[in-house]
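Chains C, A and W: place on chain R using the hints.
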Amino acid sequence: MAYRKLVLGLSGCLFVLVCVLFLQADVMSMISSSGKDSGRADLIMIQAMAKQTTKQASAVQFLHDAHTQALAEQDKDCAACHIKDESGTISYKYMRLEDPAANRLKDLYHDNCTACHAENAKARMDNPGPQIGECRKCHVEPATSTQAWVSGGMDNILHYIHWDSDLIAKDEGKDTNCGQCHHEYDEDKQELVYIQFAEEGCRSCHTSEPKEPVKANLAEAFHGQCVTCHLENKETQAERNGPLDCASCHGGPQRLEMQAKFAEKLEEMDGVLPRLPRQQPDVVLLAAKLPERSKDATHPTLMYPVPFNHELHEQATDACRDCHHETLKSSCTDCHTLQGSEQGGYITLERAMHAPDSKSSCVGCHNEMKQDPSCAGCHAAMPQGTEPPASSCALCHVNPDILSQRSMERQSVDYTDYTEMLIPAQASGRQPAGEPVVIPEDKEGRVVLAHQLIIDRRGQEALLIAEEDIPNVVKIDVLADEYQPAELPHRKIVMSMMEKMQDNSLATTFHATPVTMCQGCHHNSPLSAEPPSCQTCHDQRSQEGRLGRPGLLAAYHIQCMSCHTEMGLEKPAATDCTSCHKQKEN
Amino acid sequence: MEFNSMHEFFMHTKTMTYLLMGGILVGAILWWQFLMGEKKPIDNPHRTGEGHDNGHGH
Amino acid sequence: MKRRSFLGLMGAAGAGLAVPATARAAAKDFRGYHDTPGVLFDGTRCIGCRKCELACNQVNNLPEPEVPFDNLEILNTRRRTDSTTFTVVNKFDTPGGPVYRKNQCNHCLEPACASSCFVSAFQKQPDSAVDYDETVCVGCRYCMIACPFEIPTYEYHKAFTPRVMKCTLCGPQMRSGELRLPGCVQVCPMEAMIYGPRNELLTLARRRFAAFPGRYVESIYGEHEMGGTSWLYISGTPFSQVGLREDLGTKSAPELTAGALAAVPVVVGVWPVLLGGIYAINKRKEKIAAQEQQQAVSAALAKAKAEAKENLDASLAKAEESANRRVDNEVKKAVKEALAKKEEELKAAEASATDEEEGK
Amino acid sequence: MSTVTNDDFKSYLTPFNIVTGLIIIAGLIVTVIRFTGGLGAVTNLDDNYPWGIWISFDLLCGVALAAGGYTTAAACYVFGFKKYHSAVRPAVLTAFLGYALVVMALHYDVGRPWRLPYPIFVQQGTTSLLFEVGLCVFLYLTVLFLEFLPTLFEWKGWRKLRDALVKMTLVLVIFGVVLSTLHQSSLGALYTIAPSKLHPLWYSAYLPVFFFVSSIAAGLSMVIFEGSLSHKYLHRMMDSEYNRNHDDVVLGFAKGCSWVLFGYFALKMIGLTYDNNWSYLASGFGAWFLVEMLCFVALPAFLYAVGARDKNFALIKWTAILTVLGIVVNRFNVSLVAFNYHLPSEDKYFPAMMEIIISVFIVTVGVVVFRFVSTRMPVFFEHPEYKGQH
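Residue numbers (this note's numbering), protein chains in the order written: chain R, 75 to 660; chain C, 2 to 59; chain A, 293 to 652; chain W, 656 to 1045.
Hints listed in this document are in silico derivations from the structure and should not be mistaken for laboratory results.
Each residue gets a CB set at the ideal place from its N, CA and C atoms; glycine is no exception.
Any given hint could turn out to be false.
[Said to hold, decoys possible] Each pair of labels, with its calculated beta carbon distance range: (1) C/H8 x R/I206: 51 to 61 Å; (2) W/A696 x A/K543: 36 to 46 Å; (3) A/E538 x C/M22: 49 to 59 Å; (4) W/E1001 x A/E538: 50 to 60 Å.
[Stated by the list, open to error] Straight-line alpha carbon distances no greater than 30 Å define the calculated DSSO-like cross-link-like pairs of lysine-lysine that follow: (5) W/K737 x A/K579; (6) W/K1003 x A/K577; (7) R/K656 x A/K383; (8) C/K15 x A/K383; (9) A/K383 x R/K658; (10) W/K822 x A/K579.
Isolated chain R, as found in the complex (with noise of 0.2 Å):
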């Protein structure tokens, strides 16, 4: 038959074909992510041809601190593959300085790898590394490991370490040392100078693509920096050398460890770090800079500026650039306008202190303490909105003349005069009829207003009313029905959050009166020690008509649950019934 080999050779194919996918068809549908190691902090992969418009062999996975810690075993350091330039600083790139030709380049790698990997064969080595021709044991494909890195900046306890560490040396006829890392760029004498009190951050200059005349980019910057000083202590056999591998700084886990470490410091020294010596003010008076205007124009109506207690934020962020995130030479009103401007990258003034969910901004920042178990009990049930509620914008933008007004006795028990506070913020945020308060234009005025008028004044401590009129046990018996009454220990909730907050300045300020606590629960009503029933609002009956709302049964668990369960409140778990009202017997 003229066609039965076609037949029996196309059959077969088909054949080997179908055996083949079925072979196949685990690996095809599987995603290849297993096998891999958790990742690590100090992968480099090396493309030196990555400039070729051809790929020549598959990325060399460099395990960093390997490396380091063979060459520390071999009592060799950093300069066994890095050089350091004229000026002593250490390069942060391998054997070079600058960048050759990408074939230029590639040489040095091949050259220099191998060349010491030779040596550790001839010295007989356990582990002397690929030697020439095993070209597959450096360029290997797929990865095998991936790479896991975090942001090794300096935070506040950090940078505190290093600016009092005596290891550092002085600056000249000074007693501090800031100048050994912060410097400037002198246009006139063309060389770096230090200047104090203008310290700059280094992300100001240093960014991932720096501008002329800035030469190294971050990462230069840092390492050149920090692993140069590292290294010289090192060598000087210094009582302690910073950290000269890559996971201490970079690798997730050892940076939490670290962070542990630093805060059992800090628990030392009482909980307060050391203010910086830059001469940063302890009060700042933040209001709006006005718009250059005709001396006849109407003078706008603004909002009233908020006195800013610097000191204390600064033991409240991580570092300075929190709040600066650009540089530390100029104030916020300078970017952000009122009216937005390009170098504030049109973010207006009001949004740049009020954007509920940047981290930069006040409202964003304070947003995320209220995350906080302590506070999120309360805070995580209330609405938030994209913008914060118009009851609040008193509690910043203090009008002096009411402040004045009040007693200074902070003890009162008759707090309905607090309320008063919010009234000119609620008038949609405008001044009041009548003489505008004047902000003084220099600098001192404002600090002297600022602190004067409103930071002493503020509490230091959480306003609550008496303990005696706070009811101690609530019995909700209105739907008991299959179960017994509910006993709300109604006190015991409320000193216990007490305490939680006993230390919290943003708590005791921003909880201004003796009754504002009481509405975490007792919300939507009016400030009161005797706010009304549940009931008032929440309908048992019929869901029709307040759709949405909760019924009286659902407002007590929700109201109950979601607090126990956002404090990270393990017990009663939230489907044990009896643990809150028990069974009832019959």
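Chains C, A and W only, in chain R's frame:
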């Protein structure tokens, strides 16, 4: 390939379908020729058999 | 006229102008019954207490389950609805801790079960419930194939009266006034479910998204899925992590089968015409072939006849000719003979004459 | 071979009869259990898999494989391939029996079988594709019965009735083609309502077209397959007319089937392109899809072509078996394998023993009836009194 709108998706699939249809037309003609081309003359041994002994199953 | 009532009238007039226009513009775009109720399930509220399961069981007089309702261990196994359970709560472990979701009939706006039933046993009611009529059900279970949410279940162990079982949205009980809310909604201690007009529930859900940024996945499951459902879900975790399939698409069941159903009349209309035509062409071919054959036969016949005649004529002519020739020959022969006879007679007469002369 | 069908009373205890008898007895026992204990007593069906092997095999495959009836009848009467005439009767008989068995199987599968006429006579769910299938199967069964009746009448010798029916042949055939087109395609269209449950490689808006086109291939292949079987076992019932045309039928059908399979393959590729499902090919399901497409569609198409060109009857016969298997694989894939593809494997369905017994039982009943009819009535031969009258 990623599609962001139904238009984009259809633009892709319909184009591919048109191309495929063209291929199928050509393939159909070739197949027809293959199917209808008889290599062997009509004097196949099977056909000479009359009725009962036409040799099935051989 | 008071300003307020004037404004009201203006609004009404405006609405009156607007509504029929949009309705006319989208004649085949149906929005279901007006103000149809629905239920909004908020996954961030559910605590997994199984009270809704209990209430459902009691309200619908379902048999007591093997595992009592106060046993929460069962949440660790993934369950689905079955013929004695119209609703189940499942626990899903997520990075943020356990999350619970209730599952039951979603009472689609365009139910796949109703679309698929060949005896129309399912009906979407104005009160949103998708009702089942067991008096006509044949038990083909196509509804179970069709339902994208895997809700209808079957009483496989009944020999004579097996039914399809699913949540009724407590339609019968609410219509009779026995209940004011679906049993599960009524009993929920957290009001994780809200019963109300569907469009208002959508608004409410969006209000919650706005009020608690970051708490929810900001989309409402069931708003568009499979053409929209009366049950809506909002959740703090992606829907696919709480067992809600996000790949269902927005096409409703009637849309999905519309193409195939539309082809039916086309086949009925086109096939007979086409096949009849082919048949007619084949018949005609056969007829023409037959005619041609006949003609050929008669032509051949005529030709043969003519030929035969020609032959006959020719042979006849030949025969005549030969006959004539023979006659001629005979005549010639006779004449010749006669002439010869005459000559002989003459010779004889001459001779006798001579003899007479001689003999004289 | 002829001993198998020896009419002699003593030889009733042939292996064939014993096996058949055992299957029928087992089937009857399971039938009793099914109708007293409910579906749950005999099947592995559950709430995720409401349709099991009875639908996959008995309904979907049964209907597809009974497609020989309308394809042969259409080829002979409509398209004018007169030489296929001898193949029509066996094909129609097979189709009729096939559909009758499908309906019988449905009585087992639906919950309340006595309500099967409901969708037609009590309350019509016209939006349902199953309604359309039901209606068409009901009508087509009637048509097939009418098409088959002349055979019965010839056997019984009722000439007038027979002649009246024969006159209606063309109408019946066209009606049969229309109905077959509708319900063959609608069986596929049943699944268009569940895009989320059927794996994307098998789900397509073209499902009805796929089912229809593949049913033609199935029908043609079944005619070839049955022809060769009948040749083996029922040879003595065949007249010289049947035998003379048999080879032509086989060759013609092989060519036709090759052509149809080519079209089917092309359509499937278009379906794949249209939904842009190529990426799924690189998965377990994709491998299985390729097996179906290459081994059960492309390969038979090629083998049929080779067989037809070489007049290789053995190859054609084996290819027919391969094609029939392919259709069965396809129907199982759509209704069971690729259905509920998102479920974990422990929730997947596998038929229970008793379900399989019923399926085998129904097939056996079909074979027995086919033998009964074809050994008595003028199926494979022309009735001497009606020679040449068609």
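Enumerated hints in conflict with the structure, sorted upward: 3, 4, 6, 8
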